[in-house]
Structures are given as C-alpha cells and as structure tokens.
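Line by line, the protein sequences give chains F and S. Sequential numbering of the first sequence, starting at 1, is according to our numbering. Sequential numbering of the second sequence, starting at 175, is according to our numbering.
Hints were generated in silico from the structure; no laboratory data involved. One thing to keep in mind: the hints can contain errors.
With a straight-line cut-off of 20 Å between C-alpha atoms, the simulated SDA-like cross-links for lysine to any residue are [said to hold, decoys possible]:
#, chain 1, residue 1, chain 2, residue 2
1, F, K133, S, N202
2, F, K150, S, N207
3, F, K110, S, Y211
4, F, K150, F, E54
The structure presented is a predicted model; accordingly, all values stated were derived computationally and were not measured.
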Amino acid sequence: MKKVLVFLLVLLPLISLSGAIGTSTLNLVGTIESKSLFDLTGYFSGDESLRLDEGDILVDAEGPGVEVGTWAVAANSSADLTLQLDLSATYLDVEGNPVFTGNVSGVDIKIPYVINNGESTIENGANFATLVKVNGTYSEENNNGSVFIKRIDDNTYPPFDNYTTEIQLTLITN
Amino acid sequence: MKKVLVLLIAFAIVGGAFLFANDGIVENSNTLNVTGYILSPEKLAELDVNQTLTEPIDIVGNSDFQEDGNGVLIGNWVVSTYAHVGDEGYKVTYTYGDLESASTTQSLEYKIVVHTDPTGSGGVDKATGGSTEFVAGEGETTAKRYVRVKLVEDEDPTLLDPATDFTSTITLNLTTNL
Numbered sequence: 001m002k003k004v005l006v007f008l009l010v011l012l013p014l015i016s017l018s019g020a021i022g023t024s025t026l027n028l029v030g031t032i033e034s035k036s037l038f039d040l041t042g043y044f045s046g047d048e049s050l051r052l053d054e055g056d057i058l059v060d061a062e063g064p065g066v067e068v069g070t071w072a073v074a075a076n077s078s079a080d081l082t083l084q085l086d087l088s089a090t091y092l093d094v095e096g097n098p099v100f101t102g103n104v105s106g107v108d109i110k111i112p113y114v115i116n117n118g119e120s121t122i123e124n125g126a127n128f129a130t131l132v133k134v135n136g137t138y139s140e141e142n143n144n145g146s147v148f149i150k151r152i153d154d155n156t157y158p159p160f161d162n163y164t165t166e167i168q169l170t171l172i173t174n
Numbered sequence: 175m176k177k178v179l180v181l182l183i184a185f186a187i188v189g190g191a192f193l194f195a196n197d198g199i200v201e202n203s204n205t206l207n208v209t210g211y212i213l214s215p216e217k218l219a220e221l222d223v224n225q226t227l228t229e230p231i232d233i234v235g236n237s238d239f240q241e242d243g244n245g246v247l248i249g250n251w252v253v254s255t256y257a258h259v260g261d262e263g264y265k266v267t268y269t270y271g272d273l274e275s276a277s278t279t280q281s282l283e284y285k286i287v288v289h290t291d292p293t294g295s296g297g298v299d300k301a302t303g304g305s306t307e308f309v310a311g312e313g314e315t316t317a318k319r320y321v322r323v324k325l326v327e328d329e330d331p332t333l334l335d336p337a338t339d340f341t342s343t344i345t346l347n348l349t350t351n352l
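Given these sequences and hints, build the entire structure.
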C-alpha cells in the first residue's frame, strides 16, 4: 500500500506538468532617479576683480547694481523646489547686511551692500527666485537668472585690492 | 490615560512632520566668490593732459609768445584723485627742451607758465624740471592748470633764419608723496 502511495505522489506532478499550458509573467521595474542640476557662475574672482568705488555698484547708480554672476537650475524633481539665499555670518554686518571684508593695515573693514535678483532686493534667508515647473520638471531654460549687488552707502573706504565676499544660493526641496 | 498618551504621541508625530516639512531638504548649494577692490595707492590719481593749441605758433609775430607777452595757451592738465582716506600730496613735473628746427639746426629757448586762471593772469614760470605741487583732500577731488609758453628773456627770434619746423615736447609726470 505504501509503495502505491509513493508512486502516486511522484506521478501527480508529472501529470500536472504535462497538462499545463498556463500563463506566466515577467516583471520589469524601472526607476528614474531624482536629479537636479544647479549652477552658479561668478564673474569676479581670481584675476578678475570688481571695482567697488565706481560704476553700477554705487548706491546712487540706476538699476539693480552690478551683475556678479548667473545661476541656473534644472531638475526632474516632482517636489517643489526653492532657491534660497544663504549668507555666512562671516560676510554679514551687525545689521544683517552682506558685506565685503578686508583687513587693511590691521583694521577690519566692512563694505555693506545688498543682493538683487534683477527684480528686487533679497534678504538673507529669503527665496532668491521663484522656480518654474512645467510638466513636472524644472528646465534650465525657464529657471535661470543673474545675481546683482549694490552698495548701500557712499562712505569712503581705504584703498585695498582684496576685499572679498561670498554669496551662497541653496536649492531646497520643500 | 491611554487615550491621552495616544493623543500626545499622535500630536508629536504630526507636529514633527510639519517641522520637517518646513525645513525642506537641501538638494545642492553653491557659493559665488566675489573679489573687489578700491583703487590701490598708486592708482589713486589720474593725470589727463589736453592739448588745445594745434596750429603752429608765429614765433616772431605772436606778441603773446614774446618774453613780455602773456604766453600762448597750449593746453591744460587735470589730476583726478579718488577715495582718499586722508590728505595726499601730489606733484606734476614738467620736462622739456628748446624749440629746435631740424632743417636749420637752430634752437630757441622758451619757458612754460602755469596758471590756475584760463585767462592767463597770475601764472608761475616753470623751467624744465620744475613742478606744481598740491594736496588732495579726502574723497574725490580734481586739480586743473593751464599751460602757456613764451620766450625766455634775451632770446631774439628775429636773428634766426626762417624755418617752419621748430618743435618741442613737454612731458608731464604725476607723482605722489611730496
């Protein structure tokens, strides 16, 4: 009896396989990684230097100031992105204005200025520009612009050839 | 008691979620470095020389060019200074030779007279190597002088042979720190 049972158990799968013309599936899973490109290019560093006491940077000059760089964002993120102005405390004065700094003959000099996106003055920590999403993506074509700076006083500052400042922009997913 | 605890935990989770939502996630951050300058000391001043006389001077017939004349106005110079922290001394030095005719190898000594007044009054004679000194104050300033030329004493051009190629060049040099 036991032999008959074992035989039947071995035979059942064979019978089953020989009769099965079934359907099976292949599953394919694809992903698109979230990607964002953010470029910020400056005009005045290294050998190129910006004169701080002449031209569009002066407080009484017309327009948003002197253009010091350009930015561009491209992203396929489905999330909302913002571009935020983040300045280091090293380059802020006590009133929160961005500054050029320089040590001239042992004295720390700070030359305050404002940052403009071409349309309005942007405070530290605020959104620098409204990014535009079309069909769920941010194209570089729709998301680029310039960075301008302008002095906020007409004070006389000592001659010096290495006043420096940093302007940081941060791309944030909300 | 359990309900209160559950509510507290739920509130903490929701509140925390809101906090994180407001912070956002930094995708990328870029920094723009900007280097600036305010004119270095050697660039604190500029000298502009403007030649106003373009016609030859009638050496014998022009009464202003004679030793007792007012001098013939030939041009002016302007020194512009920038962004001084304090007072700074400047000097404009004049260097020139005689009027010389290459065709006749004759020469004629003259001098320059420097004026603050464009009409020619109150000038100061400057031999070659002479200079005009002035002090520029804080901020932006300009200094302007008018330059005339005339014959020196005892020089008689009527004794010279005719020539149309008498020439001379006056070089002006600006220096700082008297």
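Now the hints, each set against the structure:
no.: 1; hint: K133(F) <-> N202(S); in the structure: 18 Å, holds
no.: 2; hint: K150(F) <-> N207(S); in the structure: 15 Å, holds
no.: 3; hint: K110(F) <-> Y211(S); in the structure: 12 Å, holds
no.: 4; hint: K150(F) <-> E54(F); in the structure: 11 Å, holds
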